[in-house]
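Q: Below, each chain spelled out in residue letters.
2 protein chains.
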Amino acid sequence: MPPDNVVFIGKKPTMNYVLAVVTQFNSGNQSVSIKARGKAIVRAVDVALITQRRFLQNAVIEDIKISTEEVAIGEDEHTNVSSMEIVMTIPE
Amino acid sequence: MPPDNVVFIGKKPTMNYVLAVVTQFNSGNQSVSIKARGKAIVRAVDVALITQRRFLQNAVIEDIKISTEEVAIGEDEHTNVSSMEIVMTIPE
Chain F
792 MPPDNVVFIG KKPTMNYVLA VVTQFNSGNQ SVSIKARGKA IVRAVDVALI TQRRFLQNAV
852 IEDIKISTEE VAIGEDEHTN VSSMEIVMTI PE
Chain W
792 MPPDNVVFIG KKPTMNYVLA VVTQFNSGNQ SVSIKARGKA IVRAVDVALI TQRRFLQNAV
852 IEDIKISTEE VAIGEDEHTN VSSMEIVMTI PE
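Taken in order, these protein sequences are the chains called F and W.
Numbers in this note's numbering are just positions in the first sequence, counted from 1, shifted up by 791.
Numbers in this note's numbering are just positions in the second sequence, counted from 1, shifted up by 791.
Everything labelled a hint here was simulated from the structure, so no lab data went into it.
Any given hint could be a false lead.
Pairs count within a copy or across copies, as identical chains cannot be separated in the list.
[Said to hold, decoys possible] Okay, derived cross-link-like pairs now, DMTMM-like style, lysine to aspartate or glutamate, Cα gap no bigger than 25 Å in a straight line: (1) 830 / 868; (2) 803 / 883; (3) 803 / 866; (4) 803 / 867; (5) 826 / 854; (6) 830 / 861; (7) 830 / 853; (8) 826 / 853; (9) 856 / 866; (10) 830 / 867.
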């Protein structure tokens, strides 16, 4: 299981993930990581911005990292996929 | 016209934009901004990472900014769209 303060973005509606981020902040986390790969990267950006605009105006986007991950697509084959991590925090 | 050191990501193949970024560095720019909105954000991330991995290993991703932009979709209507700017530099 991923640690509590990580939200992985998949194919569900954007608001599901916004709710997950808000919930983690409300349960006491001071920092939440939003992670996504490939096409889900756009949704990760939406989630961070919607969380900040509509729910937690005091949250700041502390860091955005991008990297390339290798993903197996068969026995001996792999492809590269971009991944992103957005770290949001609520300053004390 | 946008300033020389900005590459706007649209719907062309990813490698077109990689070439644009590499060209701007090769023409003497020390810093290049990659900008995208909406679904093109994924491609912007790909462009930055491919530029770094395959062409300019000494380039660093100096900053990534995300924000929300209002886009008119009709006479009096608008919608919000996420945008991203990736700043790449080659340290001296």
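Q: It remains to establish, for every hint, whether it holds in the given structure.
A: Here is what the structure says about each hint:
Taking the shortest alpha-carbon separations for residue 830 and residue 868, only the intra-copy value of 20 Å comes in at or below 25 Å, while the best inter-copy value is 27 Å. Proximity of residue 803 to residue 883 under the C-alpha cut-off of 25 Å is found in neither arrangement, the shortest distances being 31 Å within a copy and 44 Å between copies. Taking identical chains as interchangeable, the C-alpha atoms of residue 803 and residue 866 are never at most 25 Å apart, the minima being 29 Å within one chain and 31 Å between chains. For a Cα distance limit of 25 Å, the shortest separation of residue 803 from residue 867 qualifies neither inside one copy, at 30 Å, nor across copies, at 30 Å.
For the homomeric pair residue 826 and residue 854, the shortest alpha-carbon distances inside one copy (12 Å) and between copies (18 Å) are both at most 25 Å. In this assembly of identical chains, the alpha carbons of residue 830 and residue 861 lie at most 25 Å apart whether taken from the same copy (15 Å) or from different copies (22 Å). In the homo-oligomer, the alpha carbons of residue 830 and residue 853 lie at most 25 Å apart both inside one protomer (22 Å) and across protomers (23 Å), since each shortest distance falls under that limit. In the homo-oligomer, the alpha carbons of residue 826 and residue 853 lie at most 25 Å apart both inside one protomer (14 Å) and across protomers (20 Å), since each shortest distance falls under that limit.
In this assembly of identical chains, the alpha carbons of residue 856 and residue 866 never lie at most 25 Å apart, being 30 Å within a copy and 38 Å across copies at closest. When the C-alpha separation of residue 830 and residue 867 is checked against a cutoff of 25 Å, the pair qualifies only within one copy, where the shortest distance is 24 Å, while the shortest distance between copies is 31 Å.
When each numbered hint is compared with the structure, violations occur for hints 2, 3, 4, 9.
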